[in-house]
Amino acid sequence: MLDVRNLKTYFSTDEGEVRAVDGVSFAIARGEILCLVGESGCGKSVTAMSLLGLVPSPPGRVVAGEVLLAPEQEGGDGASALDLRKASESELRQVRGRRIAMIFQDPMTSLNPYLTVGVQLTEVLEVHMRMRGEPARERAAQMLTSVGISDAEQRLNDYPHEMSGGIRQRVMIAMALLCEPDVLIADEPTTALDVTIQAQILALIRQLQEGTGLGVLLITHDLGVVANMADRVAVMYAGRIVEQGPVEAIFDDPKHPYTAGLLRSLPQLSGPCETLPVIPGLPPPAGSTERGCSFAPRCDRVMDRCWQQDPPTVRWGSGRHVVCHLDDIATEDGERR
Amino acid sequence: MAEVQDNSLRRDAWRRLKRNRAAVVSGCILAVLTLCCVLVPELSRWRYDEANLALGPTSPSWGHWMGTDYLGRDLMTRVFFGGRISLAVGVVATMVSFVIGVIYGGVAGYFGGRIDNLMMRLVDVMYTFPFLILVILLMVFFAGKDGAPYGVWVSVLGVFVADPKDPAYFPVFQIVFVFAALGAISWLTMARIVRGQVLTLREQPFVEAARTMGVSHTGIIFRHLLPNALGPIIVYATLTVPQVMLTEAFLSFLGLGTQEPLASWGLLASGGAEMMDIYPWILVFPAVMLAATLFCFNFLGDGLRDALDPQIRGGQR
Amino acid sequence: MSRFVLRRVLGLVPTLWLVVTLVFFLVRLAPGGPFDAERAVPPEVMAALEAKYNLDAPLLVQYRDFLADLVFRADLGPCFKYPGRSVREIIALSLPVSMQLGCLAMVLALLVGVPLGVVGAVRHNRAADTIAMSVAMVGISVPRFVLAPILILVFSLTLYWFPVALWESPRHMVLPVICAGLPTAAYIARLTRGGMLEVIRADFIRTARAKGLSEWRIIWRHALRGGLLPVVSFLGPGFSGLLVGSLVVETIFNIPGMGRYFVEAALNRDYGLVMGVTLVYGSLLMVLNTAVDLAYAWLDPRVKLDG
Ligand SMILES: Nc1ncnc2c1ncn2[C@@H]1O[C@H](COP(=O)(O)OP(=O)(O)O)[C@@H](O)[C@H]1O
Ligand SMILES: [Mg+2]
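Chains as they are written, first to last, in our numbering: chain E, 9 to 345; chain C, -13 to 303; chain V, 95 to 401.
Just so you know, these hints were derived from the structure itself, not from any lab.
One or more of the hints may lead you astray.
Some chain V residues judged to face chain E by a derived CB distance under 8 Å, without partners named [to be verified]: (1) Val213; (2) Arg217; (3) Ala296; (4) Lys305.
Some chain V residues flagged as far from chain E (calculated, every beta-carbon gap over 10 Å) [as the list claims (entries may be wrong)]: (5) Asp159; (6) Ala162; (7) Met193; (8) Ser228; (9) Gly306.
A virtual CB, placed ideally from N, CA and C, is assigned to each residue, including glycine.
Using the sequences provided together with the hints, build the complete structure.
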């Protein structure tokens, strides 16, 4: 559905160029949930924004890559994929909210405080579906009901500040799904919410996605969320994806030392309770590494060549790949490139 | 800890300010202008009030670089002499408003609760006062020789000089009166800003710490809170200077501010405006000086604000 | 909301009373009197004059009579300088003129200032922004009494487009309105730009972009409301600034508005007129401030009106 290849987004700042996203590739199939995990500051949000051309510019700039969006009907008559990076601003606008929708981390600030929820919902329909007035309101109310908001008709007249955080995030989800998009990008949709609300919102996303063809890019730094939601996982570190593959495979057998470290720091319900190991050190500023593997300074299995050469990509047939120098990674059926 | 962080913040702000070319140029121009205002009237061949009625108004020439005014006085001397008064009014009145505003806002913000509520209500009420009207009335009714303020002035001045009633001191009295009046009406916003800052800072751990260590109220307000709240206060003060100067010019235009034979840019410009079609230079020089100074103060204030509040510039998140 | 208005209007009364009282005693305690200028007046005529205008009564009696007249008959007393005309008449004649000037100038200021500020914010740090803000900077740095003669020189004395003075036809109004409005426009432009820049950085603008709205719609529907809030709170002080500006403009363009009367009245110690104009200005400002608060609450649904 959405195929991202070698995406690079750089920021020019006082301290020089920051390569926030530095050659990221992934694909989201129809009806699939891809989780993008990584520590905060590794470039997840910038990746998401780059997909839709929303990177604030200046200082940001998408410098390379392709963002291929499959045509609307599957197996359509030869219509080729649209590269969002080459698309014009008006083409992009037709994609945003209509084919790819996005929800953000903080539902408190992501809704316009000056407009009623109804206005903010119906204007999406107005822009993309030419739907106005009563039909639009009905459709909006219907959508609110389906994200589990009662009294939807009344709620349309409310302002965001009259709602709780959980309800607001539901409104955001309703707004994103109004036009039945093909892809939903959810950038840490539950980070700002209470734990119980988090579970509800995730269940809601799951429920809305199941059985529809909706592909989801779920961004999170919480491996618990990944375990619950993901079909596939991409692990991001300092602007690059270091490991990617089906969720079971990665959880059962993490290949990259970073992934392994992340998983070790996850509390295990079974087994004895001990202090959780943490990965020592801090992540470097995204894309500050000139040469070699950017994880090398924190890696427990670091070797000489990790400092010298960029790590190779090892791929498996299952769509899994790992970017690492370690020899034992490639021993099974992996193919070194 | 708070102090270390504060220092590096200040250094950052300074660096950002130095990169803002408009602000740096404005600062330099202001420095040069101030220097000229100090030096030119001293070094000039003419005194600011030395009339030459036979000469009358002449256009700029080698003898008089900015020409002469209606009474044949050297305009350049008068313009820079007027600059002293204009700048002094701007700075002194701002300082008056600064002192009142900081004390008032600091107390309200620090004690909070009912006191804050009451004090800020009072400010709200005063915001709707037609203050300039009151100043005009004050200037008309009390800046004269027979008003009570003059009596106070004479007795205070008597401490320093032998003959405080010397008419030569009278214009100075009027200017001091302008300082006080303008300062007294410009402190409301300053008080609000200070209060807002103090209110947020009050909750910070380092203030709590000082309080538990038994530092007195005044100690906390003046040693801990205000230095940390200084950023927005400085910005606002810098932007108050041009406003006050403009108000002084306005009062001078109405004949209520600086009085002849003294000069201020406002007075000179409003005098020049009367015959600008015939003697344009009498308007142009003081008006350009005034506008340029206000321009520079505004640019400097904007630059300071951007430097102290980097968010406005975008970029960082 | 109507409760809010009611409370605010009731709150105006004590404030106005305070202002009136302050001014009343201020002008009367000040040295000099309204008839000092007429040197030739013999003492008995002076006494007669003072008796006629109730100036010989004890101060508190004068104050009581003044308040009674004001409250029960809405009467501000006679005008000393224009014998035979009451303060009320003069205000009734001059207030509409000043209101016209002030409102037209404010409309002009908003029409010029808001778009200029929006352009500055939308094209942040580009050429259009720099130009717009430099223009605004000039606008707030040039006093009105310098702007006025320049306008007159160019448009009246050189191009002969508009009359030099007076307030008779729309053509007469052009220059005074420009002169009163432009500095305010400059202020509004700067405020609009600052407010818009703040809003444009907000998360909800990013949401609006992600929804696929056009840039124009984002500015118009989503950013402008929040961006204009600083302008709305400026309107209160802005109006009082205009009022002060109108003193200058009315004097220079010889417009028969209240501002000119006020300066004249103050210089002539025309107590009645000074009181009247102060009262009108004061109530105008307070009413406008209430209106501004209402507008603010209307624009920002999070604001609760109380107080
Ligand atoms: N507006 C910006 N200006 C400069 N650098 C930025 C900006 N936005 C993001 N970055 C850089 O991109 C990196 C990744 O940011 P982000 O994608 O927000 O991280 P996260 O993974 O937590 O979502 C940050 O470390 C920062 O250096
Ligand atoms: Mg993020």
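Now for the hints, and whether the structure bears them out:
1. Val213: violated, 18 Å
2. Arg217: violated, 12 Å
3. Ala296: Status holds, d = 7 Å.
4. Lys305: Holds, about 4 Å.
5. Asp159: Since the minimum Cβ distance to chain E is about 52 Å, Asp159(V) lies beyond 10 Å and the statement holds.
6. Ala162: holds, 48 Å
7. Met193: About 31 Å separates Met193(V) from the closest Cβ of chain E, which puts it past 10 Å; holds.
8. Ser228: Ser228(V) clear of chain E: closest Cβ-Cβ about 21 Å, beyond 10 Å.
9. Gly306: Violated, since 4 Å does not exceed 10 Å.
Violated hints for the displayed structure, listed by number in ascending order: 1, 2, 9.
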